[in-house]
Structure formats: structure tokens, C-alpha cells
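Single-letter residue listing:
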Amino acid sequence: MNTVNLTCIGCPLGCQIEVLMDDDKNIRLITGNTCPRGEKYARKEVTAPTRIVTSSVRVYGSRQGERMVSLKTASDIPKEKIMDVIRDLRGVSVPCPVRIGDVLLHNIAGTGVDMIATKDVD
Amino acid sequence: MERTEYNLIIIGGGPAGLAAAVAAYDAGERSILILERETRLGGILNQCIHNGFGLHTFQEELTGPEYAQRFIDKVLERGIEYKLDTMVMSIGQGEDGSKEVMAVNEADGLLLLKARALILAMGCRERSRGALNIPGFRPAGIFSAGTAQRLVNIEGYLPGRRVVILGSGDIGLIMARRMTLEGAKVLVCAELMPYSGGLKRNIVQCLDDFGIPLKLSHTVVRIEGKERVEGVVIAQVGPDRKPIPGTEEHYDCDTLLLSVGLLPENELTIGLGAEISRITNGPVVNESLETSVPGVFAAGNVLHVHDLVDYVSEEAHLAGERAAEYITACKDAMCAPPEKEKQIPVAFSGGIRYTVPCTIDPDKIGDWLKIRFRVGDVMTQRKVVLCLDSEPVLVKKRRVMAPGEMEELVLTRKVLAAHPDLSSIEIRIEEDKA
Ligand code: SF4
Numbered sequence: 002m003n004t005v006n007l008t009c010i011g012c013p014l015g016c017q018i019e020v021l022m023d024d025d026k027n028i029r030l031i032t033g034n035t036c037p038r039g040e041k042y043a044r045k046e047v048t049a050p051t052r053i054v055t056s057s058v059r060v061y062g063s064r065q066g067e068r069m070v071s072l073k074t075a076s077d078i079p080k081e082k083i084m085d086v087i088r089d090l091r092g093v094s095v096p097c098p099v100r101i102g103d104v105l106l107h108n109i110a111g112t113g114v115d116m117i118a119t120k121d122v123d
Numbered sequence: 005m006e007r008t009e010y011n012l013i014i015i016g017g018g019p020a021g022l023a024a025a026v027a028a029y030d031a032g033e034r035s036i037l038i039l040e041r042e043t044r045l046g047g048i049l050n051q052c053i054h055n056g057f058g059l060h061t062f063q064e065e066l067t068g069p070e071y072a073q074r075f076i077d078k079v080l081e082r083g084i085e086y087k088l089d090t091m092v093m094s095i096g097q098g099e100d101g102s103k104e105v106m107a108v109n110e111a112d113g114l115l116l117l118k119a120r121a122l123i124l125a126m127g128c129r130e131r132s133r134g135a136l137n138i139p140g141f142r143p144a145g146i147f148s149a150g151t152a153q154r155l156v157n158i159e160g161y162l163p164g165r166r167v168v169i170l171g172s173g174d175i176g177l178i179m180a181r182r183m184t185l186e187g188a189k190v191l192v193c194a195e196l197m198p199y200s201g202g203l204k205r206n207i208v209q210c211l212d213d214f215g216i217p218l219k220l221s222h223t224v225v226r227i228e229g230k231e232r233v234e235g236v237v238i239a240q241v242g243p244d245r246k247p248i249p250g251t252e253e254h255y256d257c258d259t260l261l262l263s264v265g266l267l268p269e270n271e272l273t274i275g276l277g278a279e280i281s282r283i284t285n286g287p288v289v290n291e292s293l294e295t296s297v298p299g300v301f302a303a304g305n306v307l308h309v310h311d312l313v314d315y316v317s318e319e320a321h322l323a324g325e326r327a328a329e330y331i332t333a334c335k336d337a338m339c340a341p342p343e344k345e346k347q348i349p350v351a352f353s354g355g356i357r358y359t360v361p362c363t364i365d366p367d368k369i370g371d372w373l374k375i376r377f378r379v380g381d382v383m384t385q386r387k388v389v390l391c392l393d394s395e396p397v398l399v400k401k402r403r404v405m406a407p408g409e410m411e412e413l414v415l416t417r418k419v420l421a422a423h424p425d426l427s428s429i430e431i432r433i434e435e436d437k438a
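Line order of the protein sequences matches chains P and D.
So the first sequence is numbered by our numbering: it starts at 2 and just counts up by one.
So the second sequence is numbered by our numbering: it starts at 5 and just counts up by one.
Hints should not be assumed to be uniformly reliable.
Unchecked claim - Partner residues are not named here, just some residues of chain D that face chain P (Cβ under 7 Å, in silico):
id, residue
1, I53
2, H54
3, N55
4, T67
5, E70
6, Q73
7, I158
8, G160
9, V404
Since the hints were derived computationally from the structure, they do not count as laboratory data.
Note that CB positions come from ideal geometry on N, CA and C, so glycine has one too.
Chain P extracted, bound-state conformation (with noise of 0.2 Å):
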């Protein structure tokens, strides 16, 4: 058996929130939480947690002389897969001009899902 507690994101309250699980990881116990979307909320988030990761990487030839442009994962990707998606980023630098929503990278860190542009560069 193990704990985890969790800070609920669902409302101002910010229920801490323990999930007891066994050792195959199924959960037998939350407790700490004020309403039913605390309790949704932390079996997401033990069992398969999920993040948007945005950053910013270099572009080039920009008449606007802009240095950087944001990026986004297109879709949620795991969460363990942050620093594989930034580390894959490290270096990378896109060609003027850029939309918003074009895809900057295919498939980032193996996740299958795309990067793409959150800011217009001419």
C-alpha cells in the first residue's frame, strides 16, 4: 500500500486529496475531497496524468525581427513525457513566416502527437 496526496485544481477550495494503492497500483481509497470532480480528478491523475507542455524556440529570418516563436503539444501528452518533448526542442529553430497552428515538428518525443505554432512571425 501506498499514499498519494494531491492538491485538487478543480476549484478555489483546493482539496488535499490521498489515494491509497495497493501494490498493483489499483486504487482502494480517496479521501480529502469535497465533491465528486475531486474524486475524478485524482484518478486521472494517479492513474494517467496529463499535461499541454508549451515553449519557445528560435526562428530565423524574421522581418518583423522577432527571435522566438511559442509552440504548443497539439493535444495533452503523458506527463513523464515533459522533459523528453523540451529536450527534443533543444536546438530546434523554424523559418519565417510562421502561422498559428502550423506544425513546427512531427510527432515529438515519440508521442505521437505534433507541436504546434501558438504566435503569428512574419
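Mind docking chain D with the ligand on chain P? Use the hints.
Positioned in the frame of chain P, the structure of chain D with the ligand alone reads:
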């Protein structure tokens, strides 16, 4: 000859200015000019590359630049005029009641502009370290969180490798994650108050995700290093917020980020002579978001600091509509004829720090009006009670309220209609015993 007269001039091309311009245009106003001091529209959103913007407005989670672009596109589609790289030096009133704007930019030099109405949308700036009095030299390596954000996301360089953050405002939390991702080691985030001013989601996803400790009731008591920051000392504070001797902890670091609050930027407003609230540091406004100077409206962080950009856009929309109405009332004159004032002050008690608006003319409310406010302390099990002429007309239960989360109440036309000779409006927070 450059055009120098407009019906409406909007100062600031960030989220508030853009939304106000679009709303004024859609209300029928065609003579609008936006003045922006940066080289692109969008304001601070351009450097806020994280996501979480727009859930209320667009029902999807956008990054800052994407949210800004939605509104920039609306401004461009409508052909609304704007000037970039343009710094407004002062605003004032002419003898004919017109609003005068003095601005400079490289292309035009000095610009003297006239308008019937103004919308103030200058936003806010970060509190600086000077206001905080941390002992020690002033070595390099001390940045406001927003400056660090700009350096990393816009300029593309990392301002330090080992980082301590003072203050747990949202920008500080966001930068804890951002700098970690860029390869820095963020050692600790110290917060003077016993609670964080940042959103829960940011504490979880920016600190907890990366194992960065948040130390509540802690502050920086010493900064070491002469040329560059070499370390900082953090200590616990008591209920009086004074450091407790013997609790000092030393951190080896080269960078200190400050995320200790935002201040509405109102030098221009003060120069104009509009009344300023000592609580919000923003102008005092009525239900139309009009300042004490008729025809001058304000919206967004210049008025009071918001935690969600969606609320800024919504507020600015109202300012834009009301400015357009004011201009219609001007007819051929440069200002609208003075009106019989029926402004009722919004009274408040029970831990509320301020409300926006500060006064309400019941005849000037559309179908509804949002009254926004903040509380001064964390409170649990409360109810917010709105009274018209001492009669409770609205009760909203709140399980928890915190200074970091803006609260709102919706006053509807229907509720007001039952009180035709209204003379007092009050919002109270009471304990909710049930
Ligand atoms: S469990 Fe429910 S009440 Fe508690 S923080 Fe989550 S959403 Fe809010």
C-alpha cells in the same frame, strides 16, 4: 496631413484595449484609434506562452499569444486604426470638453490628438524590489518574474541557472516551471503570506509537478553577492510578518525572481486628474466604467488587477459599448451634455476590500451588471449578500474565498425594477452557519 481627430482613442493595445475597440466598433462607432507602445498588438499576452487562457470566452484553452490573436484578428477585420511603437505622454481636457492626447513615435514625432472619448487600457506593471526593502547590495541577477518571462520567451535567453523565487503570484509560478524546463534549477518559492496568491492549478502544475517546494510564511531576509547574486537567505515569518530569528536558511543561487504583486499603471490617469482608488490604485468608476472625468472610461488591469484575461475582455467590452454611447450623446459637440447624477455608492463590509464599479446609476444598467470584488483574507463558509435599500435581494454561498480569486455578483435589471426609488446598495459577507 495626418489625421488628428477621432471620436474614440484607446490607450493600450493589450487584451483590454483590443476588446474595447471591437465592442465600440460593433456598437456603431467607426472613428477609433488604438495607441500601443510596443511593436505589436496583444500586450503582455505575447509573452504569456503558457496555456489556460480563454476557457470562459472561447470554451477552449489557448496560450496567451493565441488568445491575443483572436482579438487582433477582430480588430484587423474591422479595419480599426492603430499605431504601434507609440508612447502616450499625457492626456488632458480641452476647453470644449474634448480629450487631448499627447503621444510620440518615431514616424510621426510628436502627436497631438483629440477625441470625444477615451478608454484607458494601459494595464499594470510589476511591483519592484525597491518597494520591498530587502537588505543587501543590488547585484545583477535580480529580476521581476515578468522580466524573466520576457527574456526567456521573447528574447530567448535564460537569465540564470540556480533560482530562488520570492512571491507566489501566478507569473512567478509560471516562471518556476518555465525556467525548470529551460534547464535551470529552481530551489524554492517563498511566500510571505500564509497562503499563495496564485491559482491552485499553477501551484500543482508549476511547482508540484517539478518538486519545487513552496514555503508559505517565508521571506527573503538577505541577498548575498556584490556583482552578481551568490545566494539568498530565507526565513520564516510570524503572524506579524516579521522574520523569526533562528529560522534562516541559506540557498546558493545566482538569480532571484520577484513575483510580489502587480500595480495598475495610472500615471496618465493621475495627470488627467481623475479620482484614483487608494485600494486598487486604479481609477474610481461608475457602472459604465467611466472615471470621474466624463467621457474617459477604463477597463482591464489599469482599473484593477484581474486573474483571468477572460474577465478583462468582458469588462473592456462594456467600456467599449459605453464609450460608443457617450460619443452618440455628444452629437456635434466634443463632449456629452452633463447629466443629472443619480450615482449610488456601492457600500461593502465583512472583509471585502473594494468593488468595481464603485458607484451605480440604476437607470444605466443594461440587462445585467457584474459587480466584481476581492476579499482581504482567506475565508471559509461564507455567504455574499446583496442588499438594495437594506433588503437582501441576492444571496450567494461561498465555501471558500481568497484574496487571489476575484469574486463577482450579477445585479439584474429585473431585481432593480422592484426598487424604483433606490437609495442604497450594499454587499456584505456573512458567516454561513447552515
Ligand atoms: S474536490 Fe471539489 S470542492 Fe474540493 S477542490 Fe476539487 S473541485 Fe473543489
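So, going through the hints one by one against the coordinates:
Interface hint at I53 of chain D: satisfied, since its Cβ lies 4 Å from the closest Cβ of chain P, which is below the 7 Å cut-off. Restraint check, H54 of chain D versus chain P: the minimum CB separation of about 5 Å is within 7 Å; hint holds. Given hint, N55 of chain D at the interface with chain P, holds; its Cβ is 5 Å from that chain's nearest Cβ, closer than 7 Å. For T67 of chain D, the shortest C-beta to C-beta distance to chain P is roughly 4 Å, which falls under 7 Å, so the interface hint holds.
Because the smallest distance between the Cβ of E70 of chain D and any Cβ of chain P comes to about 5 Å, under 7 Å, the interface hint for this residue holds. Given hint, Q73 of chain D at the interface with chain P, holds; its Cβ is 6 Å from that chain's nearest Cβ, closer than 7 Å. For I158 of chain D, the interface hint holds, the least distance from its beta-carbon to any beta-carbon of chain P being 6 Å, beneath 7 Å. Among the interface hints, the one on G160 of chain D holds; its C-beta lies about 5 Å from the nearest C-beta in chain P, closer than the 7 Å criterion.
Taking 7 Å as the C-beta cut-off, the interface hint given for V404 of chain D holds, the closest approach to chain P being about 5 Å.
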